[in-house]
Amino acid sequence: MSDPIIRFDNVVKRFGDHTVLDRLNFTVNRGEKVTIIGPSGSGKSTVLRILMTLEGIEGGVVHVGGEPLWHEADGVTPASEAHLRRKRAEMGMVFQQFNLFPHMTVLRNITEAPVRVLGLPKAEAKARAEELLELVGLTEHMAKFPHQLSGGQQQRVAIARALAMRPSILLFDEPTSALDPELVGEVLGVIRRLAEEHDLTMLLVTHEMRFAREVSDRVVFFDQGRIREEGAPEEIFTDPSEERTREFLKTTLEPSSP
Amino acid sequence: MDVHWTEYLPPLLEGAWVTIRLTVFSTLLGAILAFAAGVGRLSRNAALRAVSVAYIEVFRGTSLLVQLFWLYFALPLAGQAVGLDLRIPPVIAGILALSLNIGAYGAEVVRGAIQSVHTGQHEAALALNFTPRQTLARVTIPQAIPEMMPSFGNLAVQNLKDTALVSLISLGDMTFRAEQIRNFTQDSVTVYSMLLAMYFGMALVLTAMMRGIEHSVGRWRPVRS
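Top to bottom, those sequences are chains A and B. With the working numbering, the residue at position 36 of the first sequence is 36, and numbering never jumps. With the working numbering, the residue at position 61 of the second sequence is 1061, and numbering never jumps.
Worth flagging that the hints you see were computed from the coordinates, not collected in a lab. Be aware that one or more of the hints could be misleading.
Claimed, not checked - Where chain B lies over chain A, by a calculated footprint (3+ residues, C-beta under 8 Å):
no.	stretch
1	81–93
2	111–124
3	161–172
Heads up, the beta-carbon is just placed ideally off N, CA and C, and yes, glycines get one too.
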């Protein structure tokens, strides 16, 4: 089962003098659910932001769906806006801060892009939105504005909004980090259902270790812009081979246990 | 001279109607200019940026009175020199000068409000594959408008007060009428007091209207305590 839908080849990303990704090699197969864990500043979120074209790269090639993302098909010429738009359409992203459009109702948050970007008829976009709201359990909140919802509800709307564009890859950038502890569960519940019931490729950056262990096919441990260790969740969480992984897991797992 | 103050009212009200129309038209045109220049300043196109900056700086950096005189007195002569008929009626000169001036100040308000929209909004719009133009029209500007409204309210009142200057190019606004009455009656105290009261009344109405607009464009916002 080697059908990479995402592939990073020697990707370098710098912010000024700081090297965030240091010749990163990384693949995600079609339909795979992969979780990236690691200390903050290790470049986890940057991987997602590069995929969503929110950040450019300084070296290497990123492939999405078998084609270079930041380059034209030849892998050398920088990508045109048209190329980036086409590649972006294959992906959806869920942000840490939800980033819902505050001036639009829940329903319009979900229908706006399908109508404006995909050119879907309004009725069809609405029907799709209603289906998705049912999936995330928010049908009765359709007419509300984001500020009238809890953080957990807002994040569930954001998931529905991303799904409305029918991406084949869904990126989650610390989707529960901005939530009050009692609201984390409802969002993880929705993500878990997606992981179990859909053949979407999912790439998650998270600090929820237990959740990562339960939903992922593979866990990747990032440290200082490189992959330190990767493998099946059981392996990584119970018997990591790297000392650095063990240290990280110790500091993240212990303080939270009562 | 024994003229009762109520006799001043008909000419003053006639002038008031001119003042109201001047204020409304120049505020509307000024708002359009403000959006054009405010958005233009943030454009990726360098030429558009340069034109916007030049416009904003020239009109903020020179006196409204001089702008008005220039449009009304100097422009026709400058036109004549190059063989063009650039004479414009006082009403047009007045509206143009006022709106160009208010537009330049408004442009900075528009720019500031657009820049105050959270970057997360741009990222969400990009992730949903909106074009830059769609992002501006559907995401950024709708969120920036309520942010601009308090400053626009101030600018509109400023504009109302500035309309008094058009009396100097013989436009029959409220101030012009007051001046006429005063020349005729020498009753400065009464006439100017009435004039002050009328401007103040108009400003109150205008402020209330701008508040109303502010409220209606910001319905989606959480109530702030």
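Could you check the structure against the hints above and give me the numbers of any it violates, in ascending order? none
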